[in-house]
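Student: In order, the protein sequence lines correspond to chains F and H. So the first sequence is numbered by our numbering: it starts at 28 and just counts up by one. So the second sequence is numbered by our numbering: it starts at 28 and just counts up by one.
Rather than coming from a laboratory, the hints here were simulated on the basis of the structure. Treat the hints with care, as some may be off.
In this list, chains with the same sequence are indistinguishable; a pair is considered to hold if it fits within one copy or across any two.
Claimed, not checked - The calculated BS3-like cross-link candidates involving lysine-lysine, where the alpha carbons are at most 25 Å apart (straight line), are:
1. Lys134 / Lys165
2. Lys191 / Lys165
3. Lys191 / Lys36
4. Lys36 / Lys134
5. Lys36 / Lys165
6. Lys53 / Lys191
7. Lys36 / Lys55
8. Lys134 / Lys191
9. Lys36 / Lys53
10. Lys134 / Lys53
Number of protein chains: 2
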Amino acid sequence: MSYFERFLKTNQAYADLHGTAHLPLKPKTHVAIVTCMDSRLHVAPALGLALGDAHILRNAGGRITDDMIRSLVISQQQMGTREIVVLHHTDCGAQTFTNEDFAAQLKRDLGVDVEGQDFLPFADPAESVREDMEILRKSPLIPDDVVISGAVYDVDTGRLTEVK
Amino acid sequence: MSYFERFLKTNQAYADLHGTAHLPLKPKTHVAIVTCMDSRLHVAPALGLALGDAHILRNAGGRITDDMIRSLVISQQQMGTREIVVLHHTDCGAQTFTNEDFAAQLKRDLGVDVEGQDFLPFADPAESVREDMEILRKSPLIPDDVVISGAVYDVDTGRLTEVK
């Protein structure tokens, strides 16, 4: 059985308990959280989110890319969010490689040339949160009155530390 | 109190219960799930994921963009995932606009010209899952032996339906 088949099976029990209820399309808290894909971070319980509370955006590293800006513009201009939280974490996969080494690896293992592409690695998660908050503040697509906050999640303790 | 401050406060209680435990960087199931930022989908409980089980990637719509490919390549080549689930959902924000109307709105409300940019709206979530599975299958950066599955999540019932 593939994991996908297991997920479908587990979901049957989840849906039986879920019942039928329509929550609004627009998130209740008007918050969008941008974070990493890491498997050890379950955003909803870690931040106390109920179903319907907040948009959750995740990519490798939790980095602010063009696709995250696209998503945030939809979140804000179509669905009314007005606050953004940038959340990176300790022991991140983005701390395990450099662009140069990764490009050489992909050339060797996949036969694909990605030289010059930035895979957005970083050394210090607090510093990368600051960089990404700055990208948001400078973006003409993110209004100046949007509240932007940042934090680092410790994957070993589950604890958030604010980044200023 | 901003929502961010509330999240920090709730997280203190979460971290107290979490205790200290180190889980591996590499996800246990070797699965990466690509889905939408929607607030009514909490991926971990809906699929039965424990901490450490799977990478969770989320943007507006759950679309396969360059940034999602970047993230999946890191997930696979740095952290060993070998299965991808593309998961879109009913009542999606990506079904509420067209590129043309949205560009006109952003020009009017933000004074920014985004003409020609694709914000990746769609009409039918099963069809958009199929499109995105096809993008993955054709990508030279995703090996041919990676298992690719798709599903639609019903936000009213919590139920997954496989897309073939």
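Student: Please go over all the hints and tell whether each is borne out by the structure.
Tutor: Quick rundown of the hints versus the structure:
no. : hint            : in the structure
1   : Lys134 / Lys165 : between (35 Å within a copy, 18 Å between copies)
2   : Lys191 / Lys165 : within (16 Å within a copy, 42 Å between copies)
3   : Lys191 / Lys36  : between (43 Å within a copy, 17 Å between copies)
4   : Lys36 / Lys134  : neither (38 Å within a copy, 46 Å between copies)
5   : Lys36 / Lys165  : neither (45 Å within a copy, 29 Å between copies)
6   : Lys53 / Lys191  : neither (28 Å within a copy, 30 Å between copies)
7   : Lys36 / Lys55   : between (30 Å within a copy, 18 Å between copies)
8   : Lys134 / Lys191 : neither (39 Å within a copy, 32 Å between copies)
9   : Lys36 / Lys53   : between (29 Å within a copy, 24 Å between copies)
10  : Lys134 / Lys53  : between (43 Å within a copy, 22 Å between copies)
In summary, the numbered hints that this structure violates are 4, 5, 6, 8.
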